[in-house]
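Undergrad: Here is what each chain is made of, one letter per residue.
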Amino acid sequence: MEIGLNHYLILSTILFAIGLVGVMRRKNLLLLFFATEILLNSVNIAFAAISHYYGDLTGQMFAFFVIAIAASEVAVGLGLLIVWYKRHGTIDLESMTSMRG
Amino acid sequence: MEKYLYIALFAPLVSSLFSALFTATPKKQFVGIVASFLIFSAFVSSYILLGHIMDGGEPIHVEMMTWMATGNLYIPFGFVVDQISVTMMMVVTLVSTIVHIYSIGYMDHDKGFNRFFAWLSAFVFSMMILVMSDNYAGLFIGWEGVGLCSWGLIGFWFHKDIATWAANEAFIMNRIADLGMLIGLFLVYWNTGTLQYEGAFAAFAQLDTATLTWIGIFLFIGAMGKSAQFPLHTWLADAMEGPTPVSALIHAATMVTAGVYLVIRSNELYSLIPHVGLFIASLGAFVALFAASMALVNRDMKRIIAYSTLSQLGYMFAAAGLGAYWVALFHLMAHAFFKALLFLGAGNVMHAMHDELDPFKMGGLKKVMKWTWIMMTIASLALAGIFPFAGFFSKDTILEAAFAEHHMVIYGVLLFTAGLTAFYSFRLVALIFHGEERYKIFGIHPHEAYRFMLIAMSPLLILAMIAGVFQAPFFEMVEEILGAAEYHIHSHVTLWIMLVGTQIFVGLAILYAYKKYGTWSSVPDGSSKMENSFIYKLLYNQYYIPYAYEEYIVKPYNEISEILWTKVDQKIVDASVDGIAGFFYSAGENTRDMQSGNLSTMLKWMVAGIIILLSLAVVFGLAARYSGEIMAILSGLGV
Amino acid sequence: MLDHILSILIFFPALAGILGFMIDKKSIRAYGIAVGFVEFALSLWLWFAFDSNVSGMQFMENLPLIPSFGINYILGVDGISLFIIILAAFFTMIGIASLTKTKNEKNMIITLLFLQMTMIGVFSALDAIVFYVFWELSLVPMLYIIGAWGGPLRIYASIKFFLYTFAGSLVMLVGMLFMAYFFYQATGTWSFAILDWYRLILPESFQLWLFVAFFFGFAIKVPMFPFHTWLPYAHGQAPTIGSVILAAILLKMGTYAFIRFSLPLFPDASVFFMVPIAVIAIIMIIYTAMVAYAQKDVKQVVAYSSVSHMGVIILGTFALNVEGISGSVFLMIGHGVVSGALFLLVGVIYDRRHTKLMSEFGGLAHVMPRYATIFGIMLMASVGMPLTINFVGEFLSLLGFYEQSHILTLLAGIAIIVGAIYMLSAYKKMFFGNITKDENRELKDVNKRELLALIPLSIITIWLGIYPKPILEPINNSVEAVVQLMHNKSTTVEAKERIPNVSGIVISKTSTREAH
Amino acid sequence: MLSPINVSLESLNLITLAPMLIPVVGALLILVIDILKGGLDRSLYVVLSVLFLALDFGALLDSAGVFGKDGIVLGLFDVMLIDGIAILAQFIIVATSMLFIPLALTHKRFHEFSYPEFFALFLFMISGFQFMVASDNLILIFVGLETASLALYTLIAMHNRDKSFEAAVKYFTMGALAAGFYSFGAMVFYALTGSVEINQIATVLAANGYVDIGYVLVGVVFMLGSFGFKLSVVPFHTWTPDVYEGSSAAMAGYMSIVPKIAAFVVAMRIFEFLVHSGIAWLEFILWIMVVVTMTAANVWALVQTDVKRMLAYSSISHAGFVMAAILVGTTQSNSALFLYWVLFSFTNLGSFSMLWISRQKQLPGYQKTDHSFDKFSGMIITSPMAAIIMAIFMLSLAGLPPFALFWGKVYMISSAVTGGYTILALIMALNSAIAGYYYLKLIVYMFMKDPIASNVDNNGELYVANATLALKSIIGFAIVGTIFAFLAINPLLEFITTFVYNSGY
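Protein chains in written order, with this note's numbering: chain A, 12 to 112; chain B, 903 to 1541; chain C, 36 to 551; chain D, 33 to 537.
Among the clues, some could well be false.
[As the list claims (entries may be wrong)] Simulated crosslink set (DSS-like; lysine-lysine; CA at most 30 Å straight-line): (1) C/K331 / C/K472; (2) C/K141 / D/K195; (3) B/K1473 / C/K463; (4) C/K331 / D/K504; (5) B/K1013 / C/K483; (6) B/K1272 / B/K1418; (7) A/K97 / D/K195; (8) C/K472 / B/K1062; (9) D/K481 / C/K136.
Don't read these hints as lab results, they were simulated from the structure.
Could you build the full structure based on these sequences and the hints that come with them?
TA: Rendered as structure tokens:
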């Protein structure tokens, strides 16, 4: 079976969906960050595939930028996570409900 | 001549304002004297004007200034002195002068003495406007003005709940009629373009009968209120709570006749619509009988006289309705004299009896109150229409008019009523002045009124006796404007039979009254057979009309008002407004939990948003792609 | 200076208000009275300089504000607005003068001065947006007055007052924007100038929608049934001065706006909605009069009576003829004077007894005869006794509407009956009978400060009842212009019939006048 | 076979980058200074930031001049797009930032302002926003967006309180999700058209007549999700109140303005051509979103007990209101958007600053939340001037004439009317009435309730304890702007309309 663009796109979509489910289900902050990484990376796959399909480098450029941004997001995210852990000794989402309404 | 017009008009106003200056101060005798003098000067002016008119002088017409002018409407303060108004002016100023002087004595011990004169003179002023105005709007000013003064005077003793209640009742009932009057005015304006009598009367001839009928009906509704015709009559009897001079002036001689005046003034209208006139006459005859019947059994001296007033107003309307305007006006004048006299006499009795009103508790007063007795007897004779007193000339002419116009039912009713009138009048006289001195049981020591009060009443006494001689000159004066013919019965024989027959009938009624009540000796306690008969109860309770008004109008009005406020206004109108506000607020309260503060929930909301949008997109995308097929299916389903 | 007298009239009190912050608490009252007096004098000067024979706008001012969007600062007065402006100046003056001792007097007086600015602004603005600015701005000082000095429910009442009118006027704002858009479509330029709008003839269907949009704004302000429920709360809770100004001036904004906007802009729609509005007006008249009768609190009686009287004003306005509209404008002034005075009177007794329940009174005529007399005069004016100011307006309003509908006028005329019922019964409860409460035995009669306000009002009440001409004539001239404009602009046959052609009337009228 | 790269510097048109680079340089300079000599006072950094922003502003004026002369300018491989709306948005961003940064000069020592990094990050963020608005390349927009966002997360966290960390984490996590949405949406468009230039995308889509409407819609949905998050459109708004509450009042005010205008401009670029292409679905969805956002946010604001949260919801509602401009999509509506946002910026910044100066732990409000309504009771007595100023801000937010926002509202509603959205116009108007309630609530507390005893004792000094000359002048500026806005509306409107019109919107 020839693996075409559609397969990449379907894969990408499935990964994206997994990421979404992860975002919704995870109660641990760290795992939540993982889920967002899956989201972004699923898109990267699609970008790379489409880029190849069109024979155009723009998609790959986009993918690189997404990777870069994902990396910096992780940096900031982990920083916040560590501070939170230091202060509260937990990274459970349930601990962050002081503001509501 | 104009200066006399102004004096006649404004002297009462000056009097009123002058007295009003002292309302806050204790009683000042001179207030009454000055007021009386000013009213007297109005009387003198009126007399001079009467002379002028009697001499065949031109009617005097002045226009002081614009009152209202907008669009097409132009209403000035215009006044006219013609045959009709000068007659009314004479009646008003004469009776007023007498009542003013009388009141100095009557209100002697009242702490509202000064206030009383302010109101009384204000009334005279309003009444003068009413009768002198040259347009309907001016008439309406006076119309409402007398209503206001009547309110103030009925409720003069405002500490008495019943008096203020009666005052409000009178005012409100009059307002009901005034609405009719107002509508009549609007009709006149929009159909003739003016409210001036001259212009309007001139234009009436061109209007169709239907319009004229409506105008006539609405104006008459106004008249019904002021003249207390059925069914707006109840206020008049209750108005007797006011001081007796007020009853004499307002509720006997002048204000209540304003309705009659209106019909007479609008004679050019009513002569165009005889069917309305017939209705007026029929109502008048009915009221005459109706009121007289209630007077038969009443045990309140003033109310009896009030009913008799009502009855006599019925006569006047009967005459006016039949087109005998001059007769109505003449009866109005004559009635003013003897009825005022009767009331003032009753006032003397009341004073003597310490405000006791039940004639059954009096009796034998002629010994101590000789002059009052004479005056009241003569007034009653005049009222009963005994020759040669005033009533004979005026009332008999009404009967003749009815007869001559071939309205036999009306004639018959009026004739029968004449008998009743004689009976109840003398029932009253007999109970008060004759028989045993029942008042002694109650420990009252009656005394005659001040001499000057009696002297003040004497002109009325004289007029009640001799007013008949004015009939001919009066007719001569008003015939030009009221275009009236003398009513002549076809044959002299018939006339004589009628006259004598009437006199005998009335005389018998008087005798019967004397026989039955002349030697009365006990105070009825409600146990006698007659007092328990149905008819007696019906009459005594005024046909249960006040009761019906109370039960079926006043109470429901209260209840509906209460319901409208507490239920409709608060529970429906206001609650729905608050409900809208509350809806938004509670929507916020109920959905704020969406913001649970839990990050997981927040993320779910975002994803949910995307999913909703996506599914909408899918639906839409599919619909767009397969729009053709969908259309086919839908059309197959017959959509 | 006359060229800018309207701006001066508007902004003088505002400036005075700002400067008022610098004045010491103890002297603020004198300052307020002085400013009020100067303003009143200026307004009288305006009247003096006003040419009664001109029907159009006078003392026009025009400054570009946002010309690219057609918003300009345009002011002007005609006979319709002139007297309401004077009334506003007058009531602010006597309102401050008769102010009773209260907490934060300084804030109160400054607020009143700002309120005055907005009131005069509303009545002199000739640009819809400028009008709207003042219209909305007037809510703020009133909100503060009710909310800060009011009774126990003051916050509820003030918020209700604010939000209700605010919501209504927002709908009106949308209407105004539509109107401007139509004008833009027709002419290619934006304009919010009312006089420009007058030239625009809209198709009937547009008129209907726009009429409804404007109606919401105006009807809530008037307030018309069933939008009236804010009023009893506002009046019931407001301090005396608040009620006085609210009743005397603020309510007039709605009816004034009907004449300034709805009638000339939408003549066909006015005819179309005439009957429904008349029915509402009749409901207002009778229903609120009955509700007034059921009240226990005398201030509520007067408050509901205001609604009832506003019904008559609305009816006169929608008579769509010169008599009716002149009458309704006159009644605005009359009702302003009378209801203002009645609220002042209620304030007098409230100051003494700190209650407004009628059951607490009774027999007051014994101890307060002067008070009873003045109350009586105003009572009679309120029930429309001839030779008082209200009668002229009521008579003309009803007279005018009679041309349009007989039966509706007959129903509306019930006003004079039901009005008498609640007023007289309230008067009876308060003043007649014997004194039953010991607290009432020692009550002081009205004092000089109160008389200072009440006597001029009584004089006006009677003077204008006897001789309304100085006011009625300029009103009439301007109203004729409005009616003529409506007649010319109307497109439907029915509207042409209903709205009289005044130019014909003018001739016949002058001849009538010459004849006299 | 690579052809030699041959790019002339002129064609790069680097001058277009100048406004974005100036803050970057400023940020780097601040960092360098800190390295060279630590522990310098924050006032230095504040002034430095202001200076660089002023330079930035000057550069923008220059760009505006160029735009006025030559029209739209492209640069840097045509990824930079300096058109009217980019310039307008940058004006708002930079000007608001200049107003915001002096708020750091409070009496109280707040943790974040002592770090020079705060100011550096702040300038980076501004640069990010500027990139975001000045491009129609999805990549650059993404980069700008994330640069700004990441900086912003940190700035929030630097407030250094429990709530601010919580807020930062929430904002960050949701932001990451939104970034995912964005990239997915961009991917869809790229897949459909083979381009990431919005212009190109529009051209290609128009050329093939939107055959893949279903996929276009999927792309639109994800873009909506992403910008819905930025613009806090319901139901993507949930972060807003929490983040506003967690950050300092001044920062919250800033966040309600600057990130949103940037997002608006991008949304305008992306959605405008779609709206105009007549996709009924989008119109429908936008309509619903606009209505739901402004109404629901208003309704939630009604029930708040904390002033700051109330203002947060009110900001959401205002954003929803302004979203209508994108839906209507006429020149007038887009001009109205900018006009509204200019007016909104100083009104809202002013009102948040009023919260900022009353930041006092001793005040009674602090017993429960930061800025409970109770705290403002009777302020007219204890501190009349502050109360009046706050009241005017509230009235302006409520849209009461003649204060600033009224004019924005009028113009916005007028644009809806002109665009044929009658019902929407009515709903927009009536929402102001609902909003009136909660703004009024604060006024009621300030003017009509009696002060709480402890506030009276110190004569209201506490309320303004955090105020410095800098703060006072900013509030003064805001209040003068709010009151006398009507004088500036006409030139502003003409300027904005010209710029928007010449950019083809």
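Undergrad: Hint by hint, note whether the structure agrees.
TA: Now the hints, each set against the structure:
Between C/K331 and C/K472 the CA atoms are separated by roughly 17 Å; this keeps the pair inside 30 Å, and the hint holds. Among the hinted pairs, C/K141 with D/K195 is inconsistent with the structure: their alpha-carbon atoms are about 42 Å apart, more than 30 Å. Note on B/K1473 and C/K463: the hinted pairing holds, with a Cα-Cα distance of about 29 Å set against a maximum of 30 Å. Restraint check for C/K331 and D/K504: the C-alpha separation of about 51 Å exceeds 30 Å, so the hint is violated.
Annotation: proposed proximity of B/K1013 to C/K483 holds, straight-line Cα distance about 25 Å (limit 30 Å). For the given pair, B/K1272 sits about 22 Å from B/K1418 by alpha-carbon distance, which is consistent with the 30 Å threshold. In summary, the hint linking A/K97 to D/K195 is supported, as the alpha carbons are separated by about 14 Å, within the 30 Å threshold. Distance check on the hinted pair: C/K472 and B/K1062 sit about 16 Å apart at the alpha-carbon level, within 30 Å; holds.
A C-alpha spacing of about 19 Å is found between D/K481 and C/K136, which places the hinted pair at or below 30 Å, so the restraint holds.
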